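Number of protein chains: 2
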Amino acid sequence: MNRALSIRSKSNSRSGPSSSSSHGRKAFSLASLRGTVQPELSKRLYRLIKSENNLIAAHEAAGKERVSIATQLSEWGEQTGDEAISDISDKVGVVLSEMGEQEDSYAHALDESRGVLKAIRNTEKSVQPSRDGKAKIADEIAKLKSKEPESTRLVVLEQELVRAEAENLVAEAQLTNVTRQKLKEAYTAEFLATIERAEKQVILAKHGLRLLQLLDDTPVVPGDSARQYVHGNQARQILNDAEDDLKDWRLDTGLLEGRGQQQDGGEHFVSTNTSPVRSPKTPALQHHNGNGVTGHEREATENGGGRSATGKEVEV
Amino acid sequence: MNRALSIRSKSNSRSGPSSSSSHGRKAFSLASLRGTVQPELSKRLYRLIKSENNLIAAHEAAGKERVSIATQLSEWGEQTGDEAISDISDKVGVVLSEMGEQEDSYAHALDESRGVLKAIRNTEKSVQPSRDGKAKIADEIAKLKSKEPESTRLVVLEQELVRAEAENLVAEAQLTNVTRQKLKEAYTAEFLATIERAEKQVILAKHGLRLLQLLDDTPVVPGDSARQYVHGNQARQILNDAEDDLKDWRLDTGLLEGRGQQQDGGEHFVSTNTSPVRSPKTPALQHHNGNGVTGHEREATENGGGRSATGKEVEV
Chain B
1 MNRALSIRSK SNSRSGPSSS SSHGRKAFSL ASLRGTVQPE LSKRLYRLIK SENNLIAAHE
61 AAGKERVSIA TQLSEWGEQT GDEAISDISD KVGVVLSEMG EQEDSYAHAL DESRGVLKAI
121 RNTEKSVQPS RDGKAKIADE IAKLKSKEPE STRLVVLEQE LVRAEAENLV AEAQLTNVTR
181 QKLKEAYTAE FLATIERAEK QVILAKHGLR LLQLLDDTPV VPGDSARQYV HGNQARQILN
241 DAEDDLKDWR LDTGLLEGRG QQQDGGEHFV STNTSPVRSP KTPALQHHNG NGVTGHEREA
301 TENGGGRSAT GKEVEV
Chain R
1 MNRALSIRSK SNSRSGPSSS SSHGRKAFSL ASLRGTVQPE LSKRLYRLIK SENNLIAAHE
61 AAGKERVSIA TQLSEWGEQT GDEAISDISD KVGVVLSEMG EQEDSYAHAL DESRGVLKAI
121 RNTEKSVQPS RDGKAKIADE IAKLKSKEPE STRLVVLEQE LVRAEAENLV AEAQLTNVTR
181 QKLKEAYTAE FLATIERAEK QVILAKHGLR LLQLLDDTPV VPGDSARQYV HGNQARQILN
241 DAEDDLKDWR LDTGLLEGRG QQQDGGEHFV STNTSPVRSP KTPALQHHNG NGVTGHEREA
301 TENGGGRSAT GKEVEV
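So the sequences go chain by chain: B and R.
Quick note on numbering: UniProt numbering labels position 157 of the first sequence as 157, and the sequence is numbered without any gaps.
Quick note on numbering: UniProt numbering labels position 211 of the second sequence as 211, and the sequence is numbered without any gaps.
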């Protein structure tokens, strides 16, 4: 089978936490010093949560750039003085801008999921002293047995060990429970957010393609009279369609029905994962209100009021 | 209508290139000095192309972080000593890693589209001298007419102006053609790439959700014997399904059929936009080969060879 069933690096197989020094990182970098403050048990997750932060920042940056590009595209298109380019670039800009907003929502959903992982890390942190305590007592007993096998302290220590073991048993069970529940919750949320972003961006991209198809790119001959742009109404209708489709979008709830034999998990899923899905917020396009040209003004422009492709060129 | 039909900022309406100084940017920042080197006509697109670069970098970073998180998740899961967590986290890691690869492919597609925009910018750059030349001659004629209306140079200048106008007419037609074609091509490619990334990530996320549903997160009681993990085969099958679904993925070619009345544009679309779609490369999961545990080794681990959830805890 020439396909990966695992992504673990081979060098690290089964060696546990002690292998972290083999990653070739410098001993005294700030990052590694910080990591060292974490108890051994929670180190890996501590780093993973930091990486999730970088991931979130990257998607946030992508969303921001997308929105900025959308405005730039619209303003560039206006400046070309070509009626068709001006209208299409502006409306494609609206679509791109909404894609950027979806990217930003995705980043926020990832951030919520990251918060859930922290619950595991915190439990790992709190279980470490329990493990350490148990090990320390066992150690003491072993030493004492070899040095002073008759010591009366041995009885006390054995009692302490039984108590420490009982306490640790509870701690480990808590760790198992929290780890499984929160891992499932965190990545279920990430996958659902991925689906939401993807499906909404597909809607937007499809309508974006429709807009571009309104742009007649058959070559003009020098001196041709400027072709009239007649697709203003169609272009506006496409934005309406995009808005309607986004409003109608729902998460396929079938995704959360147990498909394996793990029926137990099903209920937990549904209860813990309503937050990333959220109420389908009145979507899209609305946030542009106020900083755009009003519908009325656009109307005037579209009917050719006051400018034409040639008119612009004469001015220059 | 309380919805945006435009994303242009109001302050900038119809003022054209001259408004670029009103953006409140500092006069002597390095960025603005660089921008100044560009002819007026191509300045906006020059900046937009720079912003596209930031967008690409952001998606690249997101892809890289995603792949890194995937490995970290897998290695963290192994270290928990919980058989179920170990297997599920590893396979979820495979899915996340492939999602990261899709993000990276997306960044590359955006980069190709950015290259197409450069063709517009370069044409804009080359048209600027033609506009300037024409304007300069017209200016000279106007000055001369007011100062020496009888000058014989006027005849020569008028002839020069006719030539300059003819040359500019060609240049402007070229600009219109290149702008329309390349704008359509560039953003068609971006939208198609968006659809490809989205649809593939939906496939991956859905199988990721299936994996997580194999994780039994009903609470354990302290001292319970470790639950046997029995979903190894199912988990492996889910990765197989994900790979098959990715292989079967095709772009909906109906997306490129003209839906508006602009049938002319249809053919151009198909011809210019084969590159972002690419042949559906044998996808997914394959790049993990070699650095992962082999199928055989996994098999041994899955059958509980040599480790159990409790075994790990005793060691510590």
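Simulated from the structure, these hints should not be mistaken for lab results.
All figures in this text were calculated on a predicted structure; none of them were measured in a lab.
A portion of the hints provided could be inaccurate.
Because identical chains cannot be distinguished in the list, a pair is counted as satisfied if it fits within a single copy or across any two copies.
Claimed, not checked - When the alpha-carbon atoms are kept at most 20 angstroms apart in a straight line, the in silico EDC-like pairs for lysine to aspartate or glutamate are as follows:
#: 1; residue 1: Lys247; residue 2: Asp104
#: 2; residue 1: Lys136; residue 2: Asp248
#: 3; residue 1: Lys147; residue 2: Asp111
#: 4; residue 1: Lys125; residue 2: Glu167
#: 5; residue 1: Lys247; residue 2: Asp111
#: 6; residue 1: Lys43; residue 2: Glu140
#: 7; residue 1: Lys118; residue 2: Asp224
#: 8; residue 1: Lys125; residue 2: Glu150
#: 9; residue 1: Lys64; residue 2: Asp104
#: 10; residue 1: Lys125; residue 2: Asp248
#: 11; residue 1: Lys143; residue 2: Glu160
#: 12; residue 1: Lys43; residue 2: Asp244
#: 13; residue 1: Lys64; residue 2: Asp111
#: 14; residue 1: Lys50; residue 2: Glu60
So, going through the hints one by one against the coordinates:
no.	hint	result
1	Lys247 <-> Asp104	within (18 angstroms within a copy, 29 angstroms between copies)
2	Lys136 <-> Asp248	neither (60 angstroms within a copy, 56 angstroms between copies)
3	Lys147 <-> Asp111	neither (54 angstroms within a copy, 71 angstroms between copies)
4	Lys125 <-> Glu167	within (15 angstroms within a copy, 75 angstroms between copies)
5	Lys247 <-> Asp111	neither (24 angstroms within a copy, 31 angstroms between copies)
6	Lys43 <-> Glu140	neither (27 angstroms within a copy, 75 angstroms between copies)
7	Lys118 <-> Asp224	neither (65 angstroms within a copy, 26 angstroms between copies)
8	Lys125 <-> Glu150	neither (37 angstroms within a copy, 94 angstroms between copies)
9	Lys64 <-> Asp104	both (8 angstroms within a copy, 18 angstroms between copies)
10	Lys125 <-> Asp248	neither (44 angstroms within a copy, 44 angstroms between copies)
11	Lys143 <-> Glu160	within (15 angstroms within a copy, 105 angstroms between copies)
12	Lys43 <-> Asp244	neither (47 angstroms within a copy, 36 angstroms between copies)
13	Lys64 <-> Asp111	both (16 angstroms within a copy, 17 angstroms between copies)
14	Lys50 <-> Glu60	both (15 angstroms within a copy, 18 angstroms between copies)
Comparing the model with each numbered hint stated earlier shows that hints 2, 3, 5, 6, 7, 8, 10 and 12 do not hold.
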